[in-house]
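S.K.: Sequence:
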Amino acid sequence: MEIEAGLLRDYANPLLTEPPADLMKRGGAYYSTVATQLLNAHHNNLARRIL
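Numbered according to our numbering, the sequence shown terminates at residue 97, and the numbering increases by one at each position without gaps.
I should point out that these hints are in silico values taken from the structure, not numbers from a laboratory. These numbers come from a predicted model, not from an experiment. Cβ coordinates follow ideal geometry from the N, Cα and C atoms, glycine included. One or more hints might be untrue.
Now the in silico label distances, taken between C-beta atoms and shown as ranges [said to hold, decoys possible]: (1) 90 with 60: 31 to 39 Å; (2) 57 with 82: 15 to 23 Å; (3) 75 with 55: 36 to 44 Å; (4) 96 with 50: 21 to 29 Å; (5) 92 with 67: 30 to 38 Å; (6) 93 with 51: 39 to 47 Å.
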């Protein structure tokens, strides 16, 4: 929970221009890649399986 609390503090900073360093400690480094592929496939009705 410490990492999450730190991330929430970092994201509350309106001057933040890059992902916080603690983001890599949390895991899920490729979540955004998979999420955007999934949204693209769904939105464009591509009938793809995203693994």
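S.K.: It remains to establish, for every hint, whether it holds in the given structure.
M.R.: For each hint, the structure was consulted:
no.	hint	in the structure
1	90 with 60: 31 to 39 Å	holds, 33 Å
2	57 with 82: 15 to 23 Å	holds, 19 Å
3	75 with 55: 36 to 44 Å	violated, 21 Å
4	96 with 50: 21 to 29 Å	holds, 25 Å
5	92 with 67: 30 to 38 Å	holds, 34 Å
6	93 with 51: 39 to 47 Å	holds, 41 Å
In the structure shown, a violation is registered for the earlier hint numbered 3 alone.
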